[in-house]
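Student: We have chain C; now place chain W onto it with these hints.
Here is what each chain is made of, one letter per residue.
Protein chains: 2
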Amino acid sequence: MTDRALPSWNEGPARAAILNFVARVTTEDGPDYVRPAERIATFDNDGTLWCEQPLQNQFFFVFDRLEALAAKDPALRERQPFKAFLERDIATIHALGKQAAFEIAFATHAGMNADEFAEIAKEWFAAARHPKLNRPYAQCLYQPQVELLAYLRANGFKTFIVSGGGIDLIRAFAEENYGIPPEQVIGSSVKLRFEAGDNHVDLMRLSELNSFDDREVKPANIALHIGRRPILAFGNSDGDLAMLRYTLAGKGPRLGLLLHHDDAEREFAYDREFRLSPLVEALDKADQYGITVVGMKASWNIVFPDTGAGKAASRPAS
Amino acid sequence: MTDRALPSWNEGPARAAILNFVARVTTEDGPDYVRPAERIATFDNDGTLWCEQPLQNQFFFVFDRLEALAAKDPALRERQPFKAFLERDIATIHALGKQAAFEIAFATHAGMNADEFAEIAKEWFAAARHPKLNRPYAQCLYQPQVELLAYLRANGFKTFIVSGGGIDLIRAFAEENYGIPPEQVIGSSVKLRFEAGDNHVDLMRLSELNSFDDREVKPANIALHIGRRPILAFGNSDGDLAMLRYTLAGKGPRLGLLLHHDDAEREFAYDREFRLSPLVEALDKADQYGITVVGMKASWNIVFPDTGAGKAASRPAS
Chain C
16 MTDRALPSWN
26 EGPARAAILN
36 FVARVTTEDG
46 PDYVRPAERI
56 ATFDNDGTLW
66 CEQPLQNQFF
76 FVFDRLEALA
86 AKDPALRERQ
96 PFKAFLERDI
106 ATIHALGKQA
116 AFEIAFATHA
126 GMNADEFAEI
136 AKEWFAAARH
146 PKLNRPYAQC
156 LYQPQVELLA
166 YLRANGFKTF
176 IVSGGGIDLI
186 RAFAEENYGI
196 PPEQVIGSSV
206 KLRFEAGDNH
216 VDLMRLSELN
226 SFDDREVKPA
236 NIALHIGRRP
246 ILAFGNSDGD
256 LAMLRYTLAG
266 KGPRLGLLLH
276 HDDAEREFAY
286 DREFRLSPLV
296 EALDKADQYG
306 ITVVGMKASW
316 NIVFPDTGAG
326 KAASRPAS
Chain W
16 MTDRALPSWN
26 EGPARAAILN
36 FVARVTTEDG
46 PDYVRPAERI
56 ATFDNDGTLW
66 CEQPLQNQFF
76 FVFDRLEALA
86 AKDPALRERQ
96 PFKAFLERDI
106 ATIHALGKQA
116 AFEIAFATHA
126 GMNADEFAEI
136 AKEWFAAARH
146 PKLNRPYAQC
156 LYQPQVELLA
166 YLRANGFKTF
176 IVSGGGIDLI
186 RAFAEENYGI
196 PPEQVIGSSV
206 KLRFEAGDNH
216 VDLMRLSELN
226 SFDDREVKPA
236 NIALHIGRRP
246 ILAFGNSDGD
256 LAMLRYTLAG
266 KGPRLGLLLH
276 HDDAEREFAY
286 DREFRLSPLV
296 EALDKADQYG
306 ITVVGMKASW
316 NIVFPDTGAG
326 KAASRPAS
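Keeping their order, the protein sequence lines are chains C and W. If you use our numbering, the first sequence corresponds to residues 16 to 333, in order. If you use our numbering, the second sequence corresponds to residues 16 to 333, in order.
With the rest of the complex left out, here is chain C (with noise of 0.2 Å):
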């Protein structure tokens, strides 16, 4: 069985409808192959990649971040939001909702250089622990996406994440775990500034939007960054709805996915109540709009990447 497919993927309708889809776009005589140029893949990241509850894991990132901004200037501690970002105030961060609770994330990465972040997300991903979780982020994966991207792509399909998180935090982490290169990760990101003296070049991060990817904003980065209407799209969230719409609005053979979690035990069962990325439109209107609606529980034989430390390692905290 270790050569099935999919392996962490059960038979059922979400598999199969994956499988056929492929089988159809790849089969080159068939009326609805698709070139390997054409064979665009996009992915939502925060709850359709890995783990988001209680919050997308950027916020554990700033959290951190914030503690080391705080122990330079402890008047950090008494001044809002960062006072509950720093206290892990979730009700707090959660009753922002969701661009402006990233738009003060993206703020504590002001006035750094490009490189000087990447190397700060890239030592903080080794080191860090998620909180619910208790395991490094690397595994707060899901196991059955991370075989689904390397399927695409042996399936001549180049894979894109498409997330309403911080570009340059997903490309910290996506090009080792996901196998998903930075020039292929769509993101909100903060404007940048080019500096340039007789002996200096830098990029510095600036506190202003550039681009906050969420809803409506997704088909159009999708444009601006691949200038091509994906095939196959998969979110978790309404945010994600104009992506799949915009995918399945194209001609020719088209998949929209979208991931229900309602698996409390292995990981969370959330939808319409999580003020930072409900879940009410697209699930409502899935059958109308053509969504393929995976449910966690029946879905996915494991959800987290087998750390070899047995059945309790794959269980949230509590």
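Take the hints with a grain of salt, since some may be wrong.
Result set (DSBU-like, lysine-lysine): computed pairs, CA atoms no more than 30 Å apart in a straight line [said to hold, decoys possible]:
1) 173(C) with 300(C)
2) 147(W) with 137(W)
3) 266(W) with 173(W)
4) 98(W) with 206(W)
5) 137(W) with 206(W)
6) 300(C) with 312(C)
7) 173(W) with 206(W)
8) 266(C) with 266(W)
9) 173(C) with 173(W)
10) 147(W) with 312(W)
11) 206(W) with 87(W)
12) 173(C) with 206(W)
13) 137(W) with 173(W)
14) 173(C) with 206(C)
15) 300(W) with 312(W)
16) 137(C) with 173(C)
17) 206(C) with 206(W)
18) 173(C) with 137(W)
19) 98(C) with 147(C)
20) 300(C) with 98(W)
21) 206(C) with 266(W)
22) 87(C) with 98(C)
23) 147(W) with 206(C)
24) 173(W) with 312(W)
25) 206(C) with 98(C)
26) 137(C) with 173(W)
27) 266(C) with 300(C)
28) 173(C) with 87(C)
29) 266(C) with 206(W)
30) 266(W) with 137(C)
31) 87(C) with 206(C)
32) 300(W) with 206(C)
33) 312(C) with 206(C)
34) 147(C) with 137(C)
35) 137(W) with 98(W)
36) 87(W) with 147(W)
Calculated directly from the structure, the hints in this document are not laboratory data.
Tutor: Okay, now just chain W, sitting in the frame of chain C:
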């Protein structure tokens, strides 16, 4: 001699610098080895990969678009700046300067969706001929550069275009003619608006500029789209200087190349005086910044692809 690398490049310092650089970064046990994922090469388009005289080719596309629009709305012929464009008033267009002239060009593409634009652009490239060179645009590109792009890719490089021209017009041309897919084209862009009703999904082009990809914006857009500093960059004007300096300022082996148009017989001879894209500072400070100047006349044994029509076909029309 047909299997000599870069056959359209003459023996000399420019070709030697390229071959030497590629040998260094691809020698696995050498001190300058660069793994393939980091072999990023960025090329300007107008004046670097193809002819930009007497105007960047985008303007010839715009002239034809405006003719189609003026056929429906004759009042356009009397309204500036469209009047100057419709009259092919090159001096007036030059006087506008690069960004203003391009912004007018982009505005003439507003109001259609992204798919419609791509179709119009592809049709135009298939039918139109360059007014001075009197040949299809696919034969206005520089044969030595097409060879260089292919040579770099054969050595594990990923090749990107980073142009001040409109990103979508370049994409309609680059895959077939340069072997560069849409997702590896960076250029100036307008804002796009996602529109969806129950039964339609569209991405509409607006007239508002998203990014004018020239000068200091080029490194910022490289960071946004690629997320990795190039190790090789090739340009031909001051609009490329920031990209060249950003490339050369990275750690490890770097190559920055600047095409100098000094070949009035086979192409055009110009630098400082070309108001739409002058070459002044990059030429004056090439030595100081470590930029290798590539004189067209001495470096290339042919300029344009051989059309099979004899020598006359490779000379500009008067």
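Student: Go through the numbered hints given earlier and state which of them the structure violates, listing their numbers in rising order.
Tutor: Checked against the structure, the hints that fail are numbers 8, 20, 23, 28, 33, while the rest are satisfied.
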